[in-house]
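Turn these sequences into a full structure, and let the hints guide you.
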Amino acid sequence: MGEMTFDSFYWAAYGTQDAHLDEVRARLASGTVGVDGFLELLQSDSVVAVGVALDHYRYEQSLTRFGGPHPYEEYESTVLEVARRVLTMPPYPPRDAGDAEGGDVGLNHASALRVLGDLGDSSDASVISAVLRADNSPEVFGAALWAAGAALLDSDDVDPPDAQLVDVIAEVIFDESRRMKDRVDALLAFNHVQNADVGEILARVARLPHKELEVEALALLIGYYLDAHRSTVEEVIGSWSSHDVDGIRKQILLAFEAAKNRRGEDV
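Under this note's numbering, think of the first position of the sequence shown as 1236, with each following residue one higher.
If you are wondering where the hints come from, they were derived from the structure by calculation, not from laboratory data.
All figures in this text were calculated on a predicted structure; none of them were measured in a lab.
Beta carbons: idealized from backbone N, C-alpha and C, even for Gly.
Among the hints, erroneous ones may be present.
[Unchecked claim] For each label pair, taking beta carbons as the anchor points, the in silico distance ranges come out as: (1) 1257 <-> 1486: 43 to 53 Å; (2) 1431 <-> 1271: 42 to 52 Å; (3) 1496 <-> 1393: 24 to 34 Å; (4) 1301 <-> 1253: 52 to 62 Å; (5) 1267 <-> 1485: 48 to 58 Å; (6) 1269 <-> 1301: 13 to 23 Å.
See the structure below:
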């Protein structure tokens, strides 16, 4: 059997409890079986095997940024159907199998949500909102933030984003008790959204005393909301001293200058 290349994001410590499926899984990881092995895992009754298959889809999707084809692209409707079905199932491993911090609870949901981040749409918003508001493991919570971006993608004032999901994401961003990574990931779910309510949230975020959030909010305001929130951008940028302007803030200044150039303004 060939050398293992990729097994899964979440399931390395878990077997399928089926010798044949474990063999198919190992062969898929080593590259000695292709689409047939992927589909066998995806369509099996094993929670672990399905999770492994969903992780493989996500892994192959991540590699397409290098220009290669996705070997499972023609099955994306089936993959999406399976991912949505997994989210209606109880979390596995169950809560009593995890540690006191939540541990690996609900890895099946994490695998499914990662796929929704690639294939999902606005119809998934209510499910994602429920996950973000529930007491889930960090893995599930992070995957839900990733999926939120797809549920909000390209929404605007004509086709507005799901209000409940916008509210939940805003709660995460402004929650000082949360990890900064989660707050930034929540903010990034608003990328490619052009909606007045979201613009107001970003203007508030840009004024927070956290550079990680400030610069991401400014980038989105400059890219999508400059007409409505130029005063906020100018106020925040104007508050920086020369010592405050590091590499990332310099990029914000350059983006602002470029935006003004596109409008034919003197910089």
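Going through the numbered hints above, which ones does this structure break? Give me the numbers in ascending order. Failing hint: just 4.
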